[in-house]
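Protein chains: 2
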Amino acid sequence: MGMGMSCLVGMVLSHPSCTPTAMTQETHRTVCWYPPSFDVRVEDVAMPRIEHPDDAVVKVTLGGLCGSDLHIYRGHGGIDKVHTCGHEFIGTVHKLGDNYGSNQADIRPSLYKNLKVGDRVVAAFTVSCGECHVCHVGYTCRCPHGLLFGSPFLNGGQAQYVRVPKAGATLFNLENPESILKSLTPDKIKHINDASLLILSDILPTGLFGAVQTLNHPKVKAIWEGKGWPGVFFSDADADPSANAMNEEDKFLTIALVGLGPVGICALVSLLDLIWNLETRSKFRYRIVAVDLLESRRNKAQAVYDRIQHPDKGKNGDVVVLGGDLGELKEKVMEWTGGVGVTAVLEAVGHADALELAFDVVRTFGAITSIGVHGAVPIPFTGRQAYNKNISFDFGRCPVRSMLPRAFEILVKRQDVFGEIGTESSLIDRVVPLNQAPEMYRKFEKGDVGKVLFDPWK
Amino acid sequence: MGMGMSCLVGMVLSHPSCTPTAMTQETHRTVCWYPPSFDVRVEDVAMPRIEHPDDAVVKVTLGGLCGSDLHIYRGHGGIDKVHTCGHEFIGTVHKLGDNYGSNQADIRPSLYKNLKVGDRVVAAFTVSCGECHVCHVGYTCRCPHGLLFGSPFLNGGQAQYVRVPKAGATLFNLENPESILKSLTPDKIKHINDASLLILSDILPTGLFGAVQTLNHPKVKAIWEGKGWPGVFFSDADADPSANAMNEEDKFLTIALVGLGPVGICALVSLLDLIWNLETRSKFRYRIVAVDLLESRRNKAQAVYDRIQHPDKGKNGDVVVLGGDLGELKEKVMEWTGGVGVTAVLEAVGHADALELAFDVVRTFGAITSIGVHGAVPIPFTGRQAYNKNISFDFGRCPVRSMLPRAFEILVKRQDVFGEIGTESSLIDRVVPLNQAPEMYRKFEKGDVGKVLFDPWK
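Here the protein sequences line up with chains A and B, keeping their order. Each residue of the first sequence is one higher than the one before, starting from 924 at the first, in this note's numbering. Each residue of the second sequence is one higher than the one before, starting from 924 at the first, in this note's numbering.
Rather than coming from a laboratory, the hints here were simulated on the basis of the structure. Possibly wrong hints are sitting among the right ones.
Chain copies aren't distinguished; within one or between two, either way the pair holds.
Stated by the list, open to error - Computed list of lysine-lysine pairs in BS3-like fashion (alpha-carbon distance at most 30 Å, straight line):
{"#": "1", "residue 1": "Lys1236", "residue 2": "Lys1111"}
{"#": "2", "residue 1": "Lys1206", "residue 2": "Lys1150"}
{"#": "3", "residue 1": "Lys1113", "residue 2": "Lys1004"}
{"#": "4", "residue 1": "Lys1238", "residue 2": "Lys1369"}
{"#": "5", "residue 1": "Lys1150", "residue 2": "Lys1036"}
{"#": "6", "residue 1": "Lys1150", "residue 2": "Lys1105"}
For reference, chain A alone in the conformation it holds in the complex:
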């Protein structure tokens, strides 16, 4: 596994990471994005260095290509700065700043103490310090220190090396038992390949984020708790004698999952895992209707569901995969819920059309969770419509670092789905050498390949 030691100054002049005067400087191989659009190049640029004592430099074993990389690729971001692409990566700690080691005060998060060179790590796609109010509450993706990997502000992981700011709270350490769930010691996860673990950088936590927000919304919880909204603030003594309590028929949780790309499929797997973990799981029925306009995505979602093995699968609930155009989809969902609409919609597309579909198929007092990255177009309904339907929304980016412990647990449990590459049900289509990046970006943008990972050492 030789490092990219070449110093092809002529090739790297335009990359801001490179110092053209340093003729003897170490370099590494990267995928660079060039403005204005549709232009990525494989280039050798200056090695990342420790710039702050909280930094780590990670040696990347795999870097992922994600649907949201296409926003920059297509030039939608108004960006004009050349930078290294990619916000998903897994690797090992190559270098650490001075703020690591056992002499760290107890007031710092434990990973600042315990992270060691050589540890196998996966990165959240945004930086978080773990020490501010925002991180403490769990909103790590909006940490004031937050930077997005693979953006003009922070070089990304489609590279041989990557600098990780605030590494003690941005990385998830797969080696140190203190940093993972107590039962999942390193020997128990040895068999899990890097391609499988890479989805921890973004898509699995993001799907889980959508699933958690959906199930955790008070209007959805009312159904699976069977207590009637807004139960939490009402004791049994408050029970309303003007209404009968919820009966078996009422305890029917229906969720429309809109968008079956990799994030949508992770949301599906997460929804099922969370539902199967609920204490009340035998006390309500559920149905997840998974919808997408593309047949290939529907087939993958169906294959994933078919493959999942779980003792509770099929008990009290099922997954139905639906297609058709938007009008047909709406009709099918409404017909299938007897005209009521679904309890909740999880929208994993990031397009106004998907939000409109969500609004149309959700019930009154329904909850819409949107984890898609939306454009700068207005939310497609009026305040009056929202009032008349008693609608709730949750929008936004996944706080990956907060989601990682639980996402990791699901990843380990669901190796039946996540463990393989290139099969009908796997989320990862292929692993290719980094120098195929320009070709893969082109094909991925056109939908000709599924999720691609880059091996920067092949």
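Given the coordinates of chain A, assemble chain B onto it according to the supplied hints.
Quick look at chain B alone, frame taken from chain A:
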């Protein structure tokens, strides 16, 4: 208390409740709305009758004039049907349909069994059956049988009598111990006057609805539970070692209450009551910043807060009343939260400007609860803005019937605020005879009087 037995046929020809041929028919006095706008008249029309065996006819003791009556008054609803105004009323049961009495099967809500002629009742402002799925879950304002009192579809309570469909689940019975909180027997509430109880029809439950949604949102609960979002799906074993737990500083709940009309003030009182009831109340700090553009409303809100007596008042939290124009308000709130923004906004205005202010002053991962009735204008921000701020919204109409037991409990407890009429702190400005309705509508519409109640027997 003589009934309006006159039969002034000439005056009532245009009212649809009147049958002009029935010269000897009983009539009652009502406030009627006439198209297109700004035209309400006091008229004697045909007495309401039992039209369905689930109906009751209620003899009204007081009918309220509410801000949302102005939507119809101003002609904003596109309505062309003459009808009796008013969705807030309190009274006694005058007649009951055949479906009432002890021979009712146990499967019906208990009020169908227990409601009796003569019972003192207050009505939710919308009809609910109490027997459908929607009612069972608690969303009574969206019951398929739902009708709004004082609309073209159902005559209202600014009248001597009113027909109440599905009365067994629409009315709240103040006489029958089975129908109210066990500890609040009729003798314990005898001292509470009708003017005080009338706010149970709409404004107190609606304020409570906003308060419940605000505090119950998972992103808000994280602060007062002190567990960090999304705690509910994460066991202690999942605790993330990359982040320190929430500390005392982090447990600071900040709520901006936008709009201090009667509903806003009820929301303020409800927020305080809910907070003071939380088991964790001593474990977090809170601040409610109550904002309004009108000085008179701010003064009322301040007077209400000053008047409240509670052992926990001032412990760990306070209420700050703020004014200024929208830009100033935004600056003040942001300054006051150190630039972070508030945990949540409760918007009780129903205008796009108020939603914009809410969006501007709420933190990232903030929750906005809107209980205002919004117009048919787009929600004033884009999907991208919502994504970038990780915003949550809850919109919609209050399910009054579901809120009534808890709202009633607050009303009884908070007689220090709700018990008086016409004082600096009272929500009710005055009680006037019904025939002053045209004048009061004019003045109320201009903001020259506060909340007015009509006594149809004076």
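Hints, verified against the model:
In the homo-oligomer, the alpha carbons of lysine 1236 and lysine 1111 lie at most 30 Å apart inside one protomer (25 Å), although the nearest pairing across protomers, at 53 Å, exceeds that limit. In this homomeric assembly, lysine 1206 and lysine 1150 come within 30 Å of each other (Cα to Cα) both inside a single copy, at 11 Å, and across copies, at 27 Å. For the homomeric pair lysine 1113 and lysine 1004, neither the shortest alpha-carbon distance inside one copy (39 Å) nor that between copies (74 Å) is at most 30 Å. Taking identical chains as interchangeable, the C-alpha atoms of lysine 1238 and lysine 1369 are never at most 30 Å apart, the minima being 39 Å within one chain and 60 Å between chains.
When the C-alpha separation of lysine 1150 and lysine 1036 is checked against a cutoff of 30 Å, the pair qualifies only between copies, where the shortest distance is 24 Å, while the shortest distance within a copy is 45 Å. Within a single copy, lysine 1150 and lysine 1105 get their C-alpha atoms only as close as 33 Å, which misses the 30 Å cut-off; across copies the closest is 20 Å, which meets it.
Checked against the numbered hints above, the structure violates hints 3 and 4; every other hint is satisfied.
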